[in-house]
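Participant: Protein chains in written order, with our numbering: chain A, 1 to 484; chain B, 1001 to 1095; chain C, 2001 to 2477.
Please keep in mind that the hints were generated in silico from the structure rather than gathered at the bench.
Here the structure is a predicted model, which means the values were calculated and not measured.
In this text, a Cβ means the ideal position worked out from N, Cα and C, and glycines have one as well.
Incorrect hints may appear among the rest.
[Unchecked claim] Part of the chain B face toward chain A, derived, beta carbon under 7 Å:
no.: 1; residue: Leu1014
no.: 2; residue: Ala1015
no.: 3; residue: Ala1022
no.: 4; residue: Ile1038
no.: 5; residue: Ile1049
no.: 6; residue: Pro1061
no.: 7; residue: Leu1062
no.: 8; residue: Val1067
no.: 9; residue: Arg1073
no.: 10; residue: Lys1075
no.: 11; residue: Pro1078
no.: 12; residue: Leu1079
no.: 13; residue: Val1093
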Amino acid sequence: MLNLSLQSLSLGLEKKTFSSQELTKFYLERIKRHNTSLNAFISIDEDKSLLMAKKSDELIAEGRPSPLTGIPIAQKDIFCAQGWPATCGSKMLENFIAPYDATVIEKFNAAGAVNIGKTNMDEFAMGSSNETSYFGPVKNPWNLELVPGGSSGGSAAAVAARLAPAATGTDTGGSIRQPASLCGFTGLKPTYGLVSRYGMIAFASSLDQAGPMAISAEDCALMMNVMTGHDKRDSTSVERDKEDYMSQLNGSIKGLKIGIPKEFFSQGLDPSVQTLVESAIEQYKNLGAEIIEISLPNNHLAIPVYYVIAPAEASSNLSRYDGVRYGYRTKEYDDLMDMYFKTRQEGFGNEVKRRILIGTYVLSAGYYDAYYLKAQKIRRLISEDFTNAFKKCDVIMGPSAPSVAFKAGEKKEDPLAMYMQDIYTISTNLAGLPAMSIPAGFTNNLPVGLQLIGNYFSEAKLLNIAHSYQQHTDWHLQSAKGFD
Amino acid sequence: MTISKKDIEKIAHLARINISQAEAEQLEQKLIGIMSLIDKMQAVNTDNIEPMSHALDISQPLRDDVVTEFDLREKILPLAPEIEESLFIVPQVIE
Amino acid sequence: MDWDIVIGIETHVQLRTKSKQFSGASIEYGNEPNSQACLVSLAYPGVLPVLNHESVNCAIKFGLAVNAEIAPRSIFARKNYFYPDLPKGYQISQFELPIVGQGILSINVNGQNKNVRILRAHLEEDAGKSSHGVSQGKTGIDLNRAGTPLLEIVTEPDMSSAEEAVAYSKKLHELVQWIGICDGNMQEGSFRCDVNVSVKKKGTDILGTRREIKNLNSFKFIKQAIDYEVNWQIETLEDGGKIDQATILFNPETGETKAMRSKEEANDYRYFPDPDLLPLLVTQKQINEIKQTMPKLPGEFQELFEKELGLSEYDASEITSNSNVTKYFLSLVDSGVNPKLSANWILGSLFSRLNEEDINISHSPIDAKRLAELIKRIEDSTISNNAAKKVFDFVWDKSDITIDKAIEDLGLKQISDSGEIDQLIDEVLKNNQAMIEEYRSGKEKAFNALVGQIMKVSKGKANPSQVNEILKKKITK
Chain A
1 MLNLSLQSLS LGLEKKTFSS QELTKFYLER IKRHNTSLNA FISIDEDKSL
51 LMAKKSDELI AEGRPSPLTG IPIAQKDIFC AQGWPATCGS KMLENFIAPY
101 DATVIEKFNA AGAVNIGKTN MDEFAMGSSN ETSYFGPVKN PWNLELVPGG
151 SSGGSAAAVA ARLAPAATGT DTGGSIRQPA SLCGFTGLKP TYGLVSRYGM
201 IAFASSLDQA GPMAISAEDC ALMMNVMTGH DKRDSTSVER DKEDYMSQLN
251 GSIKGLKIGI PKEFFSQGLD PSVQTLVESA IEQYKNLGAE IIEISLPNNH
301 LAIPVYYVIA PAEASSNLSR YDGVRYGYRT KEYDDLMDMY FKTRQEGFGN
351 EVKRRILIGT YVLSAGYYDA YYLKAQKIRR LISEDFTNAF KKCDVIMGPS
401 APSVAFKAGE KKEDPLAMYM QDIYTISTNL AGLPAMSIPA GFTNNLPVGL
451 QLIGNYFSEA KLLNIAHSYQ QHTDWHLQSA KGFD
Chain B
1001 MTISKKDIEK IAHLARINIS QAEAEQLEQK LIGIMSLIDK MQAVNTDNIE
1051 PMSHALDISQ PLRDDVVTEF DLREKILPLA PEIEESLFIV PQVIE
Chain C
2001 MDWDIVIGIE THVQLRTKSK QFSGASIEYG NEPNSQACLV SLAYPGVLPV
2051 LNHESVNCAI KFGLAVNAEI APRSIFARKN YFYPDLPKGY QISQFELPIV
2101 GQGILSINVN GQNKNVRILR AHLEEDAGKS SHGVSQGKTG IDLNRAGTPL
2151 LEIVTEPDMS SAEEAVAYSK KLHELVQWIG ICDGNMQEGS FRCDVNVSVK
2201 KKGTDILGTR REIKNLNSFK FIKQAIDYEV NWQIETLEDG GKIDQATILF
2251 NPETGETKAM RSKEEANDYR YFPDPDLLPL LVTQKQINEI KQTMPKLPGE
2301 FQELFEKELG LSEYDASEIT SNSNVTKYFL SLVDSGVNPK LSANWILGSL
2351 FSRLNEEDIN ISHSPIDAKR LAELIKRIED STISNNAAKK VFDFVWDKSD
2401 ITIDKAIEDL GLKQISDSGE IDQLIDEVLK NNQAMIEEYR SGKEKAFNAL
2451 VGQIMKVSKG KANPSQVNEI LKKKITK
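Generate the whole structure from the sequences, applying the supplied hints.
Facilitator: Structure (structure tokens):
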């Protein structure tokens, strides 16, 4: 049951093997049982979920189901879903109940999916370990002393412990792929602009992108069929024909040209991770792919550039949290200034405040050219590296993260060490490219992810490549012990 | 380039974030660390490179000039920290 | 010591759209607080801006009207600062690449033409409204206005007197209404000026420090504020003082300007390109399409009126000073009356009466159709020009009386029957032999005196040109 694909669950619902209400109850029970130890969910609302399930059952009975009808999906708490809290992992929005639906939520609702709960996350998606959440850290199901990665750590733990069949995440610098790697499942960050950002609480607007987090590439494809599509409410949403990702999963990968960037296998990469990533690539070779060495010469600049651009955008995006119209307001204040200063001091956590300050600094008079503008220029260089690489190959492969899951607390007070977690993922956000992480084996009982980076709008191809691998391996089907 | 105590005071003011005495020292150290990471950019020659603000080279879509939104007060006023006669209330602003 | 005055103006023109700049909320004025605050106006978490097509069109129209370059690519930026009526904590505006580039607006002061250079015009959004002291020590925030589309029009510091500044503001105010991009309602804040003023010693090129008078919403206030400010600056400098750059407010009650409480920090708006909004591209095709829909501009009409209709430069410029006047004039001309006569009537009797009663020409009690009827009666010699003025005053507040009926009731119908006129002349000549002799001895004045006598006897009703003609024949030997 726990490893059933979304399509199998859909079939079970259609054949009335079980109802959506039964399925929803089953997962709600699991959440109740395991959330105390994992802290994967910030909010659960049984009544709401079951009501949705009931409606889905009606749709199924009327013979009008779509592939996700009746299937429980965990939603990252960054999405606004009408009537549900949307905290974004922050004290600032602790009591904020969204009065509207994000486009992504609207699409899941229209498909008849059941919202099984809102998942924990790093505050405002800023973090790589889920330790910056105001609602407490999330634990890695493979080892409760370890972090699940971040920022979509709640969704990651939920999928890894099978507290939900699938979840949504968002990825600004690796927030889907790094947790997918650390928790051993499949995650996809689509091309920037493919999934609407409307109703997704902004961190860094030019980098943020939502995507699926699920057991397999096939499940991700099914989720992508629902999540993508042009949205008039998001000016950065791309207008292009909707694709059917499910129908393209089984293409042949014979003759596929895989580019291996030497920069992804340099200093800082855990040797055991390297071994597993290399053997996964070897497997692709066995499946008929061709390996080509490529170079992304500016990749080492991705982190510095990211830590200018993302905080700059964030410092501005987070100015709206001022205690005037909604959200947290400090209890005692003398005047307006005092109210602003205390509200934002108390409402934001340390990492968020650091990034707001860095962002403010790099945009401020006298520093703009040296930092912000410079970063934007190097962003172009990083992006051009990929353009050149894709002249030689169809897909780029490497590790998703430099290490397996690390100990909670280990990097919490060391931002620089924490930032290195995203060294292989950030450059694709800067370029706006799609990328995936798929399970590629275990070292010391901890999962390791293989990263696949594609050219713009090549999600169907990426899913096909991932699916081919998953037809020959079962890493993705292994789940953490102790969550039966 | 590094970030000074004075810089931090200035940007904290611009960002409207109070920093307690207790936080100040740690914060300064961390920001210095982050800035030193960022400063790796300075080694790169970026002459004649067009800055990149967006991942995609597409243009601004436009919205028809139609009123599509209506009175939301019933929904939004209860979410506000302080209201009076449909107005959001803040301590008096002195100009 | 003599001083030069240097003035530049930034005008916030509220665009005449139905919905906000970046959302579908209404921009209607005067509704209950926050009833037009949509999620975008409120800066709710997760919402995004989408630009209004109509305001882009408005900006293009303005650019065309001042002969400016329309940027093929312009960028929206965020201007970051905290203020309770600025919900996002930033204003979306255009900074480095505005949609409208350099243009020209020519003004006329005391008969002198002057070109004021437009530096740029850019699209942005308005903030909400703060009401201070709604209750003890509290400010109330209404976000109905937040996000209203604005076009900010910035001049070079080309004006050198309060009169020029007012002339520019009036001309601009007229132009934006003329091309239909603004309702021009200054009370409701649809047209607000920030005026930068500095003074410098006559003859030097070194500009003085400027102070910016914010938010002037009447031409009278613009004049008063500049006059006060210029005096203050000159006095300060002559007393050996120093001018600091400042933002100042004009108090209409005292007629004084006063610096706002100085900010604790210099403004640092941290402008950067808005990542939520992509570059705005405008094609030549779009511009051409908008050009097709543009009304003829005042300058074009002026030229047309001078060249085709024979109006004087002054008359043509007055007639084109306001679109409603031009419309009125055009419908007079369309109904077939003489253009020069039409212009005379509009600028004469009609204007003085409208001014007297403070009525806009679009609401004139005598509309163009009625005035045309009256003028036609002059043209067909039914009444004299002077008699027509009497009819004009008579029918001003009597819309139920036809022009012809009024002429009859007033007994002003002109005598154009040559027999009748013949008799009148003979009667007058009989008693004025001396004058005839004077005329014959070469005194032209005597002729005019005789005409006057004849008109008097006819009670002003004799057709003057006929009188002239017949009299001349009779006394010229």
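Participant: Each hint needs a verdict: does it hold in this structure or not?
Facilitator: Here's how the hints hold up against the structure:
1. Hint status for leucine 1014 of chain B: holds, given a least beta-carbon distance of 5 Å to chain A, under 7 Å.
2. Checking alanine 1015 of chain B against chain A: minimum C-beta separation of about 5 Å stays under 7 Å; hint holds.
3. Hint status for alanine 1022 of chain B: violated, given a least beta-carbon distance of 12 Å to chain A, over 7 Å.
4. The restraint placing isoleucine 1038 of chain B at the interface with chain A holds, with a minimum CB-CB distance near 5 Å, inside the 7 Å limit.
5. Taken as an interface hint, isoleucine 1049 of chain B checks out: its beta carbon lies about 4 Å from the nearest beta carbon of chain A, inside 7 Å.
6. Satisfaction of the interface hint for proline 1061 of chain B is found here, the shortest Cβ-Cβ separation to chain A being roughly 6 Å, below the 7 Å cut-off.
7. Residue-level restraint check for leucine 1062 of chain B is violated (minimum Cβ-Cβ distance to chain A is 9 Å; threshold 7 Å).
8. The criterion of a C-beta within 7 Å of any C-beta in chain A is not met by valine 1067 of chain B, whose closest approach is roughly 15 Å, and the hint is violated.
9. Interface restraint check for arginine 1073 of chain B: the shortest CB-CB distance to chain A comes to about 11 Å, outside 7 Å, so the restraint is violated.
10. For lysine 1075 of chain B, the suggested interface contact is upheld, since its CB lies about 5 Å from the closest CB of chain A, less than 7 Å.
11. Violation of the interface hint for proline 1078 of chain B is found here, the shortest Cβ-Cβ separation to chain A being roughly 9 Å, above the 7 Å cut-off.
12. For the restraint placing leucine 1079 of chain B at the interface with chain A, the shortest Cβ-Cβ distance is roughly 4 Å, inside the 7 Å limit, so the hint holds.
13. At about 6 Å, the closest approach between the beta carbon of valine 1093 of chain B and any beta carbon in chain A falls short of 7 Å, and the interface hint on this residue holds.
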